[in-house]
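Asks: Put the two chains together into one complex, using the hints given.
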Amino acid sequence: MLDLKFKKVLLLGSGALKIGEAGEFDYSGSQALKAMREEGIYTVLINPNIATVQTSEGVADKIYFLPVTPHFVEEVIKKERPDGILLAFGGQTALNCGVSLYRAGILDKYNVRVLGTPVQAIIDTEDRELFVKKLDEINVKTIKSVAVESLEDALKAANELGYPVILRAAYALGGLGSGFCNDDQELTALAEKSFSYSPQVLVEKSLKGWKEIEYEVVRDAYDNCITVCNMENFDPLGIHTGESIVVSPSQTLTNAEFHMLRELAIRIVRHIGIVGECNVQYAFDPESDDYRVIEVNARLSRSSALASKATGYPLAFVAAKLGLGYGLFELQNSVTKTTPAYFEPALDYVVCKIPRWDLTKFQGVSREIGSSMKSVGEVMAIGRTFEEALQKGLRMIGQGAHGFTANKEIVVPDIDKALREPTDKRIFVISKAFQQGYTVEEIHELTKIDRWFLEKLYNIIRTAKELTALSSLDELNIELLRRAKSQGFSDFQIGRHIYKDAIDPEEYVKQVREFRKSLGVVPVVKQIDTLAAEFPAQTNYLYLTYNGSASDVQYTGDRRSVIVLGSGAYRIGSSVEFDWCSVNALQTIKERGWRGVMINYNPETVSTDYDICDRLYFDELTYERVMDIYDLEQPHGMIVSVGGQIPNNLAIRLDEAGVPLLGTAARFIDNAEDRHKFSSMLDRLGIDQPRWKELSSLEDVNEFVHQVGYPVLVRPSYVLSGAAMNVCSNDSELHEFLNLAANVSKKHPVVVSEFIQNAKEIELDAVADRGEVIAYAISEHIEFAGVHSGDATIQFPPQKLYVETARRIKKIARKIAGELQISGPFNIQFLAKENDIKVIECNLRASRSFPFVSKVLKINFISLATRIMLGERINPPHKSAFDLDYVGVKASQFSFSRLQKADPVLGVDMASTGEVGCIGDDSNEAILKAMLSVGYSIPEKNILISSGDSRKKAELLTACKLLKDKGYQLFATGGSHQYLIDNGIPATRVYWPSEPEQYPQALQMIHDKEIHLVINIPKNLTQVELENGYKIRRAAVDFNIPLVTNTRLATAFITAFCNLPIDQMEIKSWDEYTS
Amino acid sequence: MVYLQLSMKRATLILENGLSFEGYSFGYEASTDGEVVFSTAMVGYPESLTDPSFSGQLLCVTFPLVGNYGVPEDRIDPVGLHLNYESEGIHVRGVIISDYSFNYSHWSAVKSLDQWLKDEKVPGLFGIDTRELTKILRDSGSMLGRIVIEGDNVEGPMYNPNLDNQLALVSCKEVIHYPSSKPNAKKVVLADYGVKHNIIRHLLNRGVEIIRVPWDYDYNQLDYDGLFLSNGPGNPAYCDDAVHHIRRAIEMNKPIFGICMGNQLLARAAGAQTYKLKYGHRSHNQPVRLVGSNKCFITSQNHGFAIDESTLSKDWDPLFINMNDGTNEGIRHKSGRFYSAQFHPEAASGPTDTEFLFDDFLNLL
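The listed protein sequences correspond, in order, to chains H and R.
The numbering of the first sequence is my numbering, which starts it at 1 and goes up by one.
The numbering of the second sequence is my numbering, which starts it at 1 and goes up by one.
Since the hints were derived computationally from the structure, they do not count as laboratory data.
Any given hint might turn out to be false.
What the hints assert, rightly or not - Straight-line C-alpha distance at most 30 Å; calculated DSSO-like pairs for lysine-lysine:
1. H/Lys337 x R/Lys295
2. H/Lys7 x R/Lys187
3. H/Lys337 x H/Lys7
Chain R with its partners taken away, still in its complex shape (with noise of 0.2 Å):
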């Protein structure tokens, strides 16, 4: 194995509160700014960087060694799925972590993080106190950051991914079928708000037939069965025509099955309210406890914006409820043809606890 030889230069992290962080620059050089944010998932980088969701923002993994089993193979399937990966390529704008492995080991890589990340233009940040940047972003809520190389003389306001719909950055641009391995199968609507790969692959092995349509597509002049809203970035009281496209399928009582951007449009499209969490939950483990029941399941979740229960109409329940700060994990209409969780069932990257909810779905069709 070839030690990698970095070049060590130094950079900063500098939140927009004034304080900074010194370490030292790996991935690709340069300067990069946007929405810091924390994880605290002990796995699952490859996933993490391209899932859509993190777009606009910069990650800092909690857990201090990342890096160790390498990158895999961008493999990509019949279909145009990619295997390994989320999506098509890294979303986050910058990696900031504790320690990073110059060396990694693992069969199914093929290249490390550092390559990756220069290969696909993101910068990280490596040899900071992610733990007292957690602690910072935890007590004052998400900010806006840059992380600055070393001789880079950057300027000027931040970027701020909230102010943008990040949706239609991350959503597909026209409209993609996925044809199903049986015949008759049902016709499922992917609404595309930044879907990971996972959910596509998790319903193509369920027998359906999946058309997937960028965020704001009209799809209800198609014919189909089940409705689909699957996660994204950015805050949800941009899409107005998204929303506007789920009322339409309600009243066509179609079902639907939404998760986390999902989740919060199919509550926006029944008229509740969506706000901002001070710092999101982002890990892969959030404990959620099925309404009106004693059964929990360990999440992996992944966003800044909550429904506000309070705003439900009396049609709708909550499903599910986080059971660390009781915010709303879920949510259902009294008829059960629609509900969606606010965690990942899908998982890539976390537990599999959740897998069920697919399932239920598929029921409904």
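Bound-form chain H, shown alone (with noise of 0.2 Å):
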């Protein structure tokens, strides 16, 4: 080992969850800090993200709920004087902010040393130009563009490049004057409309098609360099590798292919100097042996969480401890414990990751998948068959597949054009195509999707088709039954295309399982063990395959483990705070002696850490593979109520099935799921609830507004485009709504409710024992009511509740959880207005929130709802949560600017992708630290307002006279504008897009960067908004300047940050606040 000693290391996190940032950082972030803890370094981490694992008790020695930025970082360097700095470990803000602290001399100020890769390593990396340079040193291959200004330059470079060529006329927005061209000609004529857009033209090697290839390489400090995987993308060069289907290990590439970027690989991460981990993206030609590289990641990434999910290979563990000086022969391999961590992992299945969209939850977005990434998480599946891992990866995605077949039909108006411009569903279009009879070479033509990837969906089409010629289980031979579940065909595929649409699902699934486990038709459990046999290993990481013989494991049948069924794929309303959740009841397993179990798949984890648990099942949580799982190990119990609603969603089932479920019975979590059961006993109890009814015609839609007046909430059963729920204030937007967007019939009813307005919304979450409620949080919202619970800004415990409101809550909540019989986590949802409270949902199962309170209150609520459903007796905690000298608020992270197009206003369905929580000595504070984390920045000096109707610009007034005394220039739009001078308040008139020849146009300002923070709050919560505050926030979006929609966090963003200078925010970590 070199002599590299280190005393104190900070780690720097990457902050909240968002599109192309995500759970994966909490995996490397955590492993890292595992293994500095290891070498018994001190370890500090500044993580704002409080949902995340990494900062959890005992994960770093001091844990800073604090900003990603040069200010608090150097503020906490101050502070900690740490000798050491991981910049590797938290996405692009970490490494950015490293970065910028390098560059600013802070590290050298302090004499913090950087692990790993050096900084000027990254930046050769991270700047395009130095980038190329670089590369062309050692005569690797980069995409480039060349600049010129006439016809003849583009034809002479066109040339030299090699046709096709795209031409990008350059300073023009939205791709005008660019596209392909095949020869000279073509180019010629593109060339002169270019030029007509710009004086200048990019000539660019199209490579449009190419193959996607990555490696993941490790080098450690004696320049000894491995690469642990590589993958190839199932879509070709055009679609971000975050967007598109991934296999590992690359499935098209010959030996030489393989090989050949292999050693690329490794030049290229020697020459530029990789101390860690690093990964290098190829496009390669699908006609030749020509490659250009693409980009080189100099730091831990998504693809590197999914390699190591793939191989086993613990990678960001490995990048730390070489940062430290080791070298790789020095460590271990992790599941073997025999051999060194210097070898390559030889895989004996393959992985497929297949991205999740959400895009329906946005307005106005483009479906279209392409350049940028959309997807907000993704799943792994592994098989030993590249059909069994897509199949079973199809369903993990948890959009209603149930495979490549036996879906509900999908309407694709232009199968052509769907194939040629991607979109969200492009793997069910696909699937579409084959059964209207496309070839698998008309797909390719339209697709450039490698034959042998089609080649391999239509083995499933064929297998499909044979299976629906039958008509009764009779019909089938074992023959094909085999070869159906060796292609990933779930017993509910195989029944569907059997019984198509004449038996119910829950009869034929049921039926096909017993028929194929009396013919011994069942999976078996395969270890993955980096070595694919060739050495014994006692590892734990597992899959269930239904290609092969035999099971690695043995299993003692000793009734002394629990299954913990995990959240799945990353979703809009299910993220990282669910694999807390988790993470913590495996844990508390342990701890109390029994062995822990988990299920789940997705590779962005800390619960599919292999070493967190004593079994990991890297599979699907359907009913029939949890069930699969259930006859194999014969556990104590299973518990469902800590992984979010997936969980949630298969108890009933499960119970009926005889499973043994831990904590609240199946039938009382069906008591509260079901709004009919749920609404009765509220009713029985004497607990109000907003009026409500399910509804079947229009009339009876009529006549129940009637009744209750406008604003409805409205939540229709079937979707048919945009939103699923909706506010609707007036009978045109609620019978516009009604007909766009929804289908009111006996089939699809919609649940219309009562909204109520100005009301507050405040969340309980607790833990009781058999219905006796044992800790408990109440939190409020600082958004009124109509924001999604997942969007508001959250503060615990609450500032500005009446005593008695509390009281009533407490009440009532005990009052359900006696009810219900209670046993482990849960939640509701009240409304309260004055003291009048009504209940808006209740879940039986740990929240969102659970992370937040039980960090803020250093209570952990999962720990002791796992001790209870495993039957322990607790004593309640002491600590009363209203005695705390401190605040914490929770503040949401958008991701809009990722999502062209999209309207970035909030609603009733949730549209943030994360959430950090901070903590702070009062409100201001607090709210201005997790601000601060999710992107905003304090206005230098100009605010653009557009407040909304009277009510609201009456609400923001005082904020507006604040900006005004803390010295802000005000910028209004018309109405606003009149507004803020008839009650004293100087402000400039800025006119809407609407109106063109006026002058200062809002938009204008906002593209010049002239506004430093848009307050733009919608008129109402209806999707007709108004095409000038849409154009406005999504400048703001556009151009990157801080937005605020809503009327009540505008107010308390602007109070926070003119009453609180930044420089004067405390800098405090964790347990200075709650020791």
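Replies: Shown next, in the form of structure tokens:
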């Protein structure tokens, strides 16, 4: 080991989850911290993402819930005086922050050494020009564009690069004057057009249709270098790797290609001087061995997390150790425990990563997938055939698919177009095309997806056809059954193909299961051991497959294991918070002397780290697969209440199948989930709720609305387009919504509820034991009801709640807990107006805010809940929630900048992709820290205000006065301007896009970055938003100017930054608040 | 593309210890037998199957998806080397895999793996649990096995390649000259124990003239600058003639570089012993360390025998060591004139980390 001695190391986290930077960095950061602590190094972590595992007790020695920005990091350095810093484990956020600190000389000033890859090497990979130059030095080809200013030069450049080429008009927005050219003639025609838009045109070699291949490379300080694995994108170049289905290892490369790219990757990594982990992405010609390097990521990445899970090689852990100066030969293979970390894993399975999109949650967003990332999560499926892995994966993404076939028919007006211009439905369009008779060749021509993948998909279609030709299970021979199973068909798929819709799905699923079990057609369990069985391994990292005849695992049947169902793919509404819950449940299970068994398939998580539990099944959370595992494990019990909605939804069927569920009984879960049962229970208990009704005709809807009055909240059960829920304020909005977005009928009823305006929303997170509340936390939303609880800013403990309100809430919670005999975690949401309290919903499982309240209180609710579910008697914690001398604020992170054209306005459907939780001595401080953590900045000078309707204008007035007093310059559109002037607040009038002849134009000021904060309050919550407001909001997002669209949040934010200068904010660690 | 219709005839692998695996036949439809070995390489089946070191063996590929990119055309360069293969044809006696890709996809492919096996009369078995088979071989050691096609009635002892001198089977039968492109090139004698063509290419690319001689040929009568000892199949203990010639070359102080079998024969010539490994090293991910340094390399390997390091005389040092199991991976004479590697620096298939060993050899000439 090199003589690098570190005593105290600072790790930068990645902050809130956002599109492109998600849970994978919780995994990599946690691993790095584990590696540091194993060496006895004192660790300090800065990460405002309070829902992560890395910000849990015992992972780092000191945790700061602060923004990962140069200011705060410098303050922490000043206070903590670490001698080392880790920049590679917190995504682009940490890397950028680290580079800024380096450039500003802060790291030198405080003698902080960067562990692993030197900052200059990072800069060489991040700066396009330096990067190209650097790779030129070793004759490695990159994607280059040549800037030209004449047709002659354009032709010359194109011939040097080789056709086809892309022309791009420089400085032209929206791709005007850009396109592909196949020869001189086409180029001449297009170039003329391009030059009419711009004096400069960029000529670039077109790599359309090329394969995209990645290598994960590790290098130590001794120059030893390995590639841990490679990956191949199913989709050709042009679709972001985060948007593509990815397989590992590569499937269509020959030995020569595989090793040529491997050798190049090693050459690149050595030349750049990486120490640690790094990812090299290639474009690879499908018709020769030509290649280009797309980019190099000198840090842990989403791909490296995937590679770790795909191979069992703990990349982040090893990278952290290498940063300390270890050689790869000095570290151990943590799976075999007998061989060194210097090796390249051999896989004897194939993994398939599939992205999960949530585009339906956004208004106006384009569904096309392309060069920028829009997906919010991903799954990884493991199989011993590609078909098996892919079909598993399609079920795992959790959007209703049963596999590649047997899904709900999708409507594709123009299949050719849909194949050529892919959307988030791409894979299902391919399925549809096959079923309509398209050949592999035709689909290949339209998609450029390699024929090998398409042939495999066609295998699935052929089996589906053979199954569809049958009409009962009796006709199904064992060979076909085995083939279907080995291709990843679920019992449901087999049943549906055979029985069509003749019988109830639950019935045929049961029949298929019994039938195949009677024939002995059951899956086997295989280990992921990094060496393809070459060496014996004690690994507990498992998956199930039908492509095998024997299991690697021997079961003892001692009933000492407890299975925890995980949370699946990250999606809007369910992400790292449930991973925290799962991990904490597993840890508690182990502590209490049981064996913890995890089922989950999300490669971006800590719960799928095989050293978190005693056994990890990296597999589906479907009823079928959970039952397969249950049959094998024969556990003491199963926990379904810590992984969010997926396990919760399985509770009833698992219970019916005789699975011992730990915690609240399934029938009570059903009583809380079923709207009708829950409602009548509340009535019985005398608990108030907003009036609601399930209605199946327009007349009934009108009648009900007449009774309760506008506005109403409408939830269709079948959504045609757009968001699933909406608030309607008048007849025309209601009818427009019902006509455009939803289909009202007996089969598809809508639920209409009364919508209470200007009501507070309050959450209760609690743990109960056999109906008795043991611990609880009440928190309040800053926004009024109407903003989804997942998007709202939440403070805990509540700061502006009547004592009476809190008392009533506790009372209601006790009643509900008693009635539903709750044992374990639960959450209730309330509306409060004055002291009038209504219950909106109740979940008999952990909620999104469990880690937040657990950490602010420093009482681990999941640990308590788990012990209760294990049957232990718990003494309620003494600490009272209202006694805290500090405040926690949870703020939401939005990813609108990634979602082109989406309207960044908040409503009753959730839109945020992540969250942070910060602690302050008072509300102002906590809010400011939280807002700065999710990307807001304190405005420099100019603020643009459009303050909505008159009520909202009034609400915002105090904040506007404050801004004026602080010397801010206010700019306002028509009505808002008038209102400010009338109230004695000077403001400059600016004009809407619909007032084009008048100046100054609001949009122009945003484009010119003359505005530093945009407050744009939509007039109402309907989808039919005025074009004007949309354009302003969208421009704010596109030009990266902080935007607030809610008066209550705007007021809180303005109050905070006007009263608390950034340099007066306390730099206090978690334990400094809580101890 | 045409969908290949396979007969899908059942076939069973029966192991020496009585265990059996039932799957389907592909490739040449016939029963076969040999020593069952496994390789954990994830790519490179055209290279592996044509590697003479696999002579006499039934090769189980642990990566389940095989045949994906078809088989390239058998192109022969002007000096007679097969450009896309490692020798003149397939050397394994059978292929055992899990999931066969009926439809291949690659610009360089001209036929499917199935068709190639048919053309070369080599049987294949797919649809069995190759991981389970591998675990059995790992735990019990390599053993004999037989693939029996449905309906075939095969009895009698299974073919044991270790009882035969496999070298004699795969070595060239007469001397072949490969001229150099350069004038006054150094002359290298290549003792062919079943040489992979990529080794010849590596030497030729470095501008030497090659005299390729049969395994037992007495090359010491020739005028040459350096001796190259090739890879090859089977048990090094059967090759006393070859060992005798090497010993003589050492006495003549000719620079010597050996690979794989060449390594084992050099060791025997130096008086050391070789032994059979339990289940051998056959993969692309074997880590080796240059003895006495912090330099490590990922290597391609394919061997069932190894040098017993403890029997090396004081004039010889271990050169490389296997980081997984500590076995010897190469030796070097104290003079630095003679050295060898157990792994395959020529790769094809496998990683290319150790190509520099060819340069080292050239520097000695």
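Asks: So, for every hint listed, does it hold in this structure?
Replies: Results for each hint:
1. Proximity of H/Lys337 to R/Lys295 is assessed by CA-CA distance (about 21 Å); at most 30 Å being required, the pair is judged to hold.
2. For a cut-off of 30 Å, the pair hint linking H/Lys7 to R/Lys187 is broken: about 59 Å separates their Cα positions.
3. The hinted pair formed by H/Lys337 and H/Lys7 meets the criterion: a straight-line CA distance of about 27 Å does not exceed 30 Å.
When each numbered hint is compared with the structure, a violation occurs for hint 2 only.
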